[in-house]
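Taken in sequence, the protein lines are chains A and B. Using the working numbering, you'd call the opening residue of the first sequence number 1 and step up by one each time. Using the working numbering, you'd call the opening residue of the second sequence number 114 and step up by one each time.
If you are wondering where the hints come from, they were derived from the structure by calculation, not from laboratory data. Beta carbons: idealized from backbone N, C-alpha and C, even for Gly. Be aware that one or more of the hints could be misleading.
[As the list claims (entries may be wrong)] Only some residues are given here: those of chain B computed to face chain A with a beta carbon under 7 Å:
hint : residue
1    : 154
2    : 155
3    : 156
4    : 158
5    : 161
6    : 185
7    : 215
8    : 217
9    : 220
[Stated by the list, open to error] Here are the computed lysine-lysine pairs in the DSS-like style, where the Cα-Cα straight-line distance is at most 27 Å:
hint : chain 1 : residue 1 : chain 2 : residue 2
10   : A       : 22        : A       : 68
11   : B       : 184       : A       : 100
12   : A       : 105       : B       : 124
13   : A       : 57        : A       : 71
14   : A       : 42        : B       : 170
15   : B       : 170       : A       : 100
16   : A       : 68        : A       : 58
17   : A       : 68        : A       : 57
18   : A       : 22        : A       : 58
19   : A       : 57        : A       : 105
20   : A       : 68        : A       : 42
21   : A       : 100       : A       : 57
22   : A       : 105       : A       : 42
23   : B       : 184       : B       : 124
24   : A       : 58        : A       : 71
25   : A       : 71        : A       : 100
26   : B       : 184       : A       : 105
27   : A       : 42        : B       : 124
28   : A       : 71        : A       : 22
29   : A       : 57        : B       : 124
30   : A       : 42        : A       : 100
[As the list claims (entries may be wrong)] Restraint-style ranges between C-beta atoms, simulated for each label pair:
hint : chain 1 : residue 1 : chain 2 : residue 2 : range
31   : B       : 140       : A       : 15        : 12 to 20 Å
32   : A       : 68        : B       : 131       : 40 to 48 Å
33   : A       : 46        : B       : 140       : 38 to 46 Å
34   : A       : 98        : B       : 187       : 19 to 27 Å
35   : B       : 198       : A       : 105       : 13 to 21 Å
36   : B       : 130       : A       : 17        : 44 to 52 Å
37   : B       : 129       : A       : 15        : 29 to 37 Å
38   : A       : 112       : B       : 121       : 33 to 41 Å
39   : A       : 39        : B       : 209       : 20 to 28 Å
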Amino acid sequence: GENVEQHPSTLSVQEGDSAVIKCTYSDSASNYFPWYKQELGKRPQLIIDIRSNVGEKKDQRIAVTLNKTAKHFSLHITETQPEDSAVYFCAASERGSNYKLTFGKGTLLTVNP
Amino acid sequence: DTGVSQNPRHKITKRGQNVTFRCDPISEHNRLYWYRQTLGQGPEFLTYFQNEAQLEKSRLLSDRFSAERPKGSFSTLEIQRTEQGDSAMYLCASSLGLAAYYNEQFFGPGTRLTVL
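Go ahead and model the full structure; you've got the sequences and the hints to work with.
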């Protein structure tokens with residue numbers, strides 16, 4: 001099955017700085033890569049996703065890049081704010097499935113005011 | 114609230130007891146998923162329903178676990194003879210089911226199970 005590695009496990013930045021979280025996946029057939037944000041005690045919520053037919057996607061301060069050759073994708077958050085503090089999970093689709101996701105272990109992002 | 118709901122939010126039980134959790138998906142969603150999340154880990158896929166049909170079960174789902182979605186609406190997850198290793202957050206998610214296409218999965222708040 002798919003294996004997703006996520007780094008770093010914790011990340012601390014100053015407000016206004018950028019944050020980058022990286023994930024690698026093992027299955028070259030994976031074609032869908034979502035990112036979820038989970039605040040303490042709350043449910044995971046999708047913040048951005050990318051499909052394998054594009055290399056980059058942006059939504060305001062958030063962007064995701066995908067390198068299919070190297071099998072890695074990254075989340076970029078610019079102009080970080082304290083409310084960005086949360087655990088972020090990357091995920092990748094499973095080969096031959098249009099529903100099954102494998103998640104990384106998460107990155108705890110702390111934005112210091 | 115029109116999102117995914119789960120009940121109960123917390124469950125404390127003694128080892129060996131049976132527990133049942135309920136998930137109510139977003140009404141127009143025909144796909145429903147169960148995940149397990151332990152501390153410091155991402156959600157792990159347990160099982161998936163397309164309408165009332167259970168189409169996949171993870172190896173993580175031992176014989177003590179059973180899930181149903183009798184009318185293609187709400188779903189239940191039952192754990193029989195609970196073990197301390199079953200302690201985790203159980204998350205439910207739902208999505209539309211556009212064929213051959215990934216659709217955003219909307220998660221519920223989860224049921225936190227503690228087995229004493």
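Please name the hints from earlier in the document that this structure breaks, with their numbers sorted from lowest to highest. Result: hints 6, 20, 26, 29, 31, 33, 37 break, sorted rising.
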